[in-house]
Amino acid sequence: MTSLSLEFFHSCSAGAGSTKAFPNSFSKRRIRPSHIQTHVSLSCSSRIFSSYSCSATLSSMAEEVEKQTFDVERAALLVQELRGSFNSGKTKDYEWRISQLKGIAKMVEEKEQEIIQALHEDLSKPESEAFVSEISMTKGSCKLAIKELNRWMMPEKAKTPMTTYPSSAEIISEPLGVVLVISTWNYPFLLSLDPVIGAVAAGNAVVLKPSEIAPATSSLIAKLLEEYVDNSAIRVVEGAVAETSALLEQKWDKIFYTGSGRVGRIVMAAAAKHLTPVILELGGKCPVIVDSNVNLQVAARRIIAGKWGCTNGQACIAPDYIVTTKDFAPKLIDALRDELEEFFGKNPMESKDLSRIVNAYHFIRLTKLLDEAKVSDKIVLGGQRDEKQLKIAPTILLDVPEESLMMNEEIFGPLLPILAVENLEDGFDVINSKSKPLAAYLFTNNEQLKKHFVRDISAGGMLINDTILHLTVSTLPFGGVGESGMGSYHGKFSFDAFSHKKAVLYRSFDGDASVRYPPYTPGKLRLLKALMSGNIIVIILALIRWLRSADKIDQ
Amino acid sequence: MEMEMEMEMEMEIVRDLETKMEELREYYRSGKTKEASWRKSQLKGVLTFLKEREEEIFKALKQDIGKHHVEAYRDEIGILIKSVHFALKHLKKWMSIRKAELPWVAYPTTAEVVPEPLGLVLIISSWNLPFGLSLEPLIGALAAGNTVVLKPSELSPTCSSLLANALPNYLDNNAVKVIQGGAAVGEQLLEQKWDKILFTGSARVGRIVMTAAAKHLTPVNLELGGKCPAILDSFSSSWDREHAMKRILSGKYGTCAGQACIGIDYVLVEKKLASSLVESLKMLVKKMYGENPKESNSIARIINKQHFLRLKSLLDDPEVKASVVYGGSLDEDSLFIEPTILLDPPLDAAIMTDEVFGPLLPIITLKKIEDSIEFVNSKPKALALYVFTKNEKLKKRIISETSSGSVTFNDAIVQYAADTLPFGGVGESGFGKYHGKFSFDMFSHEKAVLRRNFLIDFWFRFPPWNDYKLQLFESFYLFDYLAIVLLVLGLKKPRRCP
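So the protein lines, in turn, are chains X and Z.
Take the first sequence: its letter number 348 is residue 348 in full-length UniProt numbering, and every next letter is one higher.
Take the second sequence: its letter number 89 is residue 89 in full-length UniProt numbering, and every next letter is one higher.
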């Protein structure tokens, strides 16, 4: 049953490319009671939010079955419960926030091996990669929030204009309420916990829906969060399309979604019904422009680290394609070949340092890209695949036709096409003819080219002479633009993403200008004009004083 | 016949739309709108429009909604002039690249945030402040270097046509288009792909806008309304008390006869103060608007018959009618409603469940002023919350225990004029914030740019992986400099992995 249900998850994957809308997967499972029995006994992988218990007696098994039907009503109950916790005010408390963040930090610290194992199970993610890009990043994020929270929570003083003199003003960050985080499978741990850290730091109650496509990590997160954080305000709902639909029916105060543009549209349309603001972290085709004047070895290494060193290319900011000059392309390919061999050995299919493709669906999707006519003969390196192990070797292609699927869809895998152009500025046109990517990379020592790149290309973020690293910089906002999404997070930006910036203006009753009140006279208009356009504070003060006395005489 | 002609005109506009948009996109691609000098010249254009067309603006506002020209200046022209000046003064700073801090292990890397325009944006504005709510966002969109389509409200037709006919003469026609029209045009506009949509209006239409935007993954900002409460505490000083009441009345009737998203919707007050409050309010209303408010011309009329009837129906409820303590006369011919005060209308009546958006002021009495917190929290989050008090403890509680777009103590409406404060809602009152720099940010993408060179590379970044590299990473991410040094020197043992 485990494998059966897994396959089921895959076939209606919420990942890129699947064309199915939201069929009701759960009701299907429910009409086959014989399966439920088996399913319950293996329930660890698709538990919803019940207490963790596999050694169930018959009666509690029935209860378990009941709880697994995570439908709209159950979702509504869940939100209601969390709203109750939020309304109690406890999540606004600095101490509560810190203790939850510490709980997460402790969880990552203590359960590191389990996390690494789950990631290995889901993606064959190499331990080092798992540690570097998921565990350390999450830990770092948590520690930063713990360290900075006091400062983030402080009201920000705002200058007040003369028109409202005398007054003082501040901007206060307040939590939004109950928020939903829907994460994805390529960095199933980091992309689940990182937004949760922001939401909790900002004082919200959170429901996290990890991706069913990485089931081991999903169920581990569900189990661990139950153990390490306050369950009255932080919850995990596991599941696929049906559960997600049930969650999206609810009214949230913010929805944070990581995944594909297709599902992003569904999320946003669902949010519109409740006027819920959304943050969409999507992907796109992230280009790399490589100039001929660069340190070839370093550039090649950095490209490899960003492409195959990131879940084997299954990352939203992994390089999608390279643009370089015709003369330089062969040299670049040679360098990539040498460095790839150094990193992953002569036979990369055997390498323990490469992740596998997440599932059969995505494996087939990638082979389709590769097998397209006029594409398959462009392979200059790699191309090996193993359907059983879901492995595809690092593959480089040269001059794939512009109109091919590979050059029009997000690749999200270990295939790297190289486009050779006459001069690099032509590459700008290629990039600008596509939708705005989440990241754009440039390798060059030419200052002029850097300037043009920053000025003429729009992308979520850009990195010059490296790949991926901007993701680790907590002082930079991380997020897309256009098709690559909306809203940003990381560091303080995460806190802000889950906060409402409340404007607070304090006025006193001194210095009240009667011009504000009717009956309106021509004299009042004159004074109003002087008041509103005047720059010299002394004049304004004099006016106000004059008006005050006039006001008194008035009475 | 007239209807048919109007429909035809709308169809014509629709046919024209896609061509116009392609022209705007093409112009954006030329890069012209990104230039600082261009942005400045556009802002100056807005300023010239406001100054040269002041009389026409006054007239249009008078005609569409009966707004007195002093009110028009105070709430629209004056505030806009101030906003343009503010934008012109700070544009250079807003446009400049912001350096981001980096830990020293990252040396010699530099990080910065580059604000860039989004492209082609759509502004859909409203009829109650037809110039203010059109041009305030326009200032932000132009300052941020976008091309813009502005759709003013068809419910204030004189103002819309002034914007459509006169404004383009002051701006770069290739970058700014004003499109007039009703629902059909609105729908067509929403079919298109924009890089941002700013909508000001009702929650109902807000939902439609966001649903349409979702198809194109277009970010939206919704400036909606809601029932903005005014909490009135007791005052020991008569000066304070009187000014609090004046500000409440001005916050209710003074801005477009209560047809304003930040206008006061209802007042919360302690029961024991209610009767003296009502008496004082009556006196002040008379002082402000005279015995015959309609003749004073100091108060706007209701925008149209539909809204007039809506407001009338609020009063038609017998229990509500019985709670009227002042005013209550309605003149359907001139669409004028007298400033009206109600004392404790039923809480389940439409006047207390729907946004009033008109010159009817319900006063709700509470046992203790502190109960106002619970009362406010029982309703959807408001765009603005006004609290008249000198009680510091109450102020603190209000700030931390309630949620609203903004909180203003001891005044109303004025927060709208503060460029340094974000203006925008939360929950049912919308999302996204603008005014001042926030307007610029609303129409910009903050692009993160990280620059590296080829000199230093951490060898441990690359596979094949081993424990030593793992440990270095851990130290690196936690900025544990000492551990890095020790590891590199071979003085610390890498952690053991099972």
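In case anyone wonders, no lab produced these hints; they're calculated from the structure.
Where is the CB? At the ideal position from N, CA and C, for every residue including glycine.
Certain hints may be false.
As a list, the in silico EDC-like pairs of lysine to aspartate or glutamate whose alpha-carbon atoms are at most 16 Å apart [unchecked claim]:
#1 Z:Lys-396 <-> X:Glu-174
#2 Z:Lys-20 <-> Z:Asp-240
#3 Z:Lys-437 <-> Z:Glu-116
#4 Z:Lys-99 <-> Z:Glu-116
#5 X:Lys-157 <-> X:Glu-174
#6 X:Lys-92 <-> X:Glu-226
#7 X:Lys-102 <-> X:Glu-249
#8 Z:Lys-437 <-> X:Glu-156
#9 X:Lys-92 <-> X:Asp-496
#10 Z:Lys-390 <-> X:Asp-510
#11 X:Lys-223 <-> X:Asp-93
#12 X:Lys-501 <-> X:Glu-109
#13 X:Lys-450 <-> Z:Glu-112
#14 Z:Lys-396 <-> X:Asp-456
#15 Z:Lys-396 <-> X:Glu-170
#16 Z:Lys-215 <-> X:Glu-483
#17 X:Lys-352 <-> Z:Glu-279
#18 Z:Lys-32 <-> X:Glu-170
#19 X:Lys-451 <-> Z:Glu-401
#20 Z:Lys-193 <-> Z:Glu-295
#21 Z:Lys-286 <-> Z:Asp-371
#22 X:Lys-451 <-> Z:Glu-35
#23 Z:Lys-368 <-> Z:Glu-270
#24 X:Lys-92 <-> Z:Asp-441
#25 Z:Lys-34 <-> X:Asp-510
#26 X:Lys-451 <-> Z:Glu-112
#27 X:Lys-90 <-> Z:Glu-401
#28 X:Lys-529 <-> Z:Glu-270
#29 X:Lys-529 <-> Z:Asp-441
#30 X:Lys-501 <-> Z:Glu-26
#31 X:Lys-501 <-> Z:Glu-116
#32 X:Lys-143 <-> X:Glu-170
#33 Z:Lys-321 <-> Z:Glu-295
#34 Z:Lys-395 <-> X:Glu-170
Computed footprint of chain X on chain Z, listed as stretches where at least three residues anywhere in the stretch have a Cβ under 8 Å from a Cβ of chain X [as the list claims (entries may be wrong)]:
#35 36–45
#36 62–72
#37 340–347
#38 354–366
#39 411–423
Evaluation of the provided hints:
no., hint, in the structure
1, Z:Lys-396 <-> X:Glu-174, "holds, 13 Å"
2, Z:Lys-20 <-> Z:Asp-240, "violated, 55 Å"
3, Z:Lys-437 <-> Z:Glu-116, "holds, 14 Å"
4, Z:Lys-99 <-> Z:Glu-116, "holds, 15 Å"
5, X:Lys-157 <-> X:Glu-174, "holds, 15 Å"
6, X:Lys-92 <-> X:Glu-226, "violated, 20 Å"
7, X:Lys-102 <-> X:Glu-249, "violated, 32 Å"
8, Z:Lys-437 <-> X:Glu-156, "holds, 15 Å"
9, X:Lys-92 <-> X:Asp-496, "holds, 14 Å"
10, Z:Lys-390 <-> X:Asp-510, "holds, 13 Å"
11, X:Lys-223 <-> X:Asp-93, "violated, 25 Å"
12, X:Lys-501 <-> X:Glu-109, "violated, 33 Å"
13, X:Lys-450 <-> Z:Glu-112, "holds, 14 Å"
14, Z:Lys-396 <-> X:Asp-456, "violated, 48 Å"
15, Z:Lys-396 <-> X:Glu-170, "holds, 13 Å"
16, Z:Lys-215 <-> X:Glu-483, "holds, 11 Å"
17, X:Lys-352 <-> Z:Glu-279, "violated, 83 Å"
18, Z:Lys-32 <-> X:Glu-170, "violated, 37 Å"
19, X:Lys-451 <-> Z:Glu-401, "violated, 48 Å"
20, Z:Lys-193 <-> Z:Glu-295, "violated, 48 Å"
21, Z:Lys-286 <-> Z:Asp-371, "violated, 31 Å"
22, X:Lys-451 <-> Z:Glu-35, "holds, 15 Å"
23, Z:Lys-368 <-> Z:Glu-270, "holds, 6 Å"
24, X:Lys-92 <-> Z:Asp-441, "violated, 27 Å"
25, Z:Lys-34 <-> X:Asp-510, "violated, 44 Å"
26, X:Lys-451 <-> Z:Glu-112, "holds, 13 Å"
27, X:Lys-90 <-> Z:Glu-401, "holds, 11 Å"
28, X:Lys-529 <-> Z:Glu-270, "violated, 38 Å"
29, X:Lys-529 <-> Z:Asp-441, "violated, 28 Å"
30, X:Lys-501 <-> Z:Glu-26, "violated, 36 Å"
31, X:Lys-501 <-> Z:Glu-116, "violated, 23 Å"
32, X:Lys-143 <-> X:Glu-170, "violated, 27 Å"
33, Z:Lys-321 <-> Z:Glu-295, "violated, 24 Å"
34, Z:Lys-395 <-> X:Glu-170, "holds, 13 Å"
35, 36–45, "violated (count 0)"
36, 62–72, "holds (count 4)"
37, 340–347, "violated (count 0)"
38, 354–366, "violated (count 0)"
39, 411–423, "holds (count 10)"
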